[in-house]
Amino acid sequence: MVMSVAPDRQQRAANKTMPLGEDILLARHGDRIIQLRQDRKHDLTIARLHDGHTDWAANTLAGMSERIPESPAMWMGRLADDFKADKLPMPSGEVRFLAKLGVIWGGLSLVLSAGILWLTYQSANPELMHSMMGAAGS
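Residue numbers (this note's numbering): 419 to 556.
Check the hints yourself; a few may be wrong.
Unchecked claim - Here are the simulated distance ranges between beta carbons:
#1 A532 with R458: 39 to 47 Å
#2 K502 with W536: 52 to 60 Å
#3 T472 with L537: 54 to 62 Å
#4 L497 with H447: 29 to 37 Å
#5 T472 with S527: 28 to 36 Å
#6 V513 with Q540: 35 to 43 Å
#7 R446 with G511: 13 to 21 Å
#8 Q540 with R496: 43 to 51 Å
#9 L537 with R496: 44 to 52 Å
#10 D441 with G511: 26 to 34 Å
#11 W493 with G525: 25 to 33 Å
Rather than coming from a laboratory, the hints here were simulated on the basis of the structure.
Since the model is a prediction, treat every value here as computed from it, not as a measurement.
Where is the CB? At the ideal position from N, CA and C, for every residue including glycine.
Let the sequences and hints guide you as you build the complete structure.
Pasting the structure below:
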C-alpha cells in the first residue's frame, strides 16, 4: 500500500516548479539568503539576507501578457480559487475566523435592532403619536 502512494507523491513533487523569483534571488545572493517567502498577493518572492537586508524578485516575467480588466464576477471567482488554494495574503484559518466573527456580529446587531424596535412599539402611546402627527400637519 505504501509503495503505491510514494510514486504518486514523487510525481506531484516532480511537476511542482520553483517560482521564478526564487531562481532570481538565488542567482543574486546565493548562500547569503537566510529565508525565502512568497508574497502571493503581489506575486513576489522576498529574501531575507544575513546582513539584515531584504530583496525581492517578481515571480512572472514583465510584459508576458497584457492585463485584461477583470469583471467583478471574474475577480470573485479568482478570489475563491485563491482561497481554496490558500494563496491569500492571510491564512485561510484567519479568513474563516473573521467570516464567523462577521456573521455573529451581524446576527447580534439584527437581534438588538429588532429588540429596540419591539420595545419602541410596545412602549409607544397611540394618543401621543396621533397628537405629534396632527401637530406636524397643521
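Status of the hints after comparison with the structure:
| no. | hint | result |
| --- | --- | --- |
| 1 | A532 with R458: 39 to 47 Å | holds (41 Å) |
| 2 | K502 with W536: 52 to 60 Å | violated (42 Å) |
| 3 | T472 with L537: 54 to 62 Å | holds (57 Å) |
| 4 | L497 with H447: 29 to 37 Å | holds (33 Å) |
| 5 | T472 with S527: 28 to 36 Å | violated (42 Å) |
| 6 | V513 with Q540: 35 to 43 Å | holds (41 Å) |
| 7 | R446 with G511: 13 to 21 Å | violated (34 Å) |
| 8 | Q540 with R496: 43 to 51 Å | holds (49 Å) |
| 9 | L537 with R496: 44 to 52 Å | holds (46 Å) |
| 10 | D441 with G511: 26 to 34 Å | holds (30 Å) |
| 11 | W493 with G525: 25 to 33 Å | holds (28 Å) |
Against the hints set out earlier in the document, violations occur for numbers 2, 5, 7.
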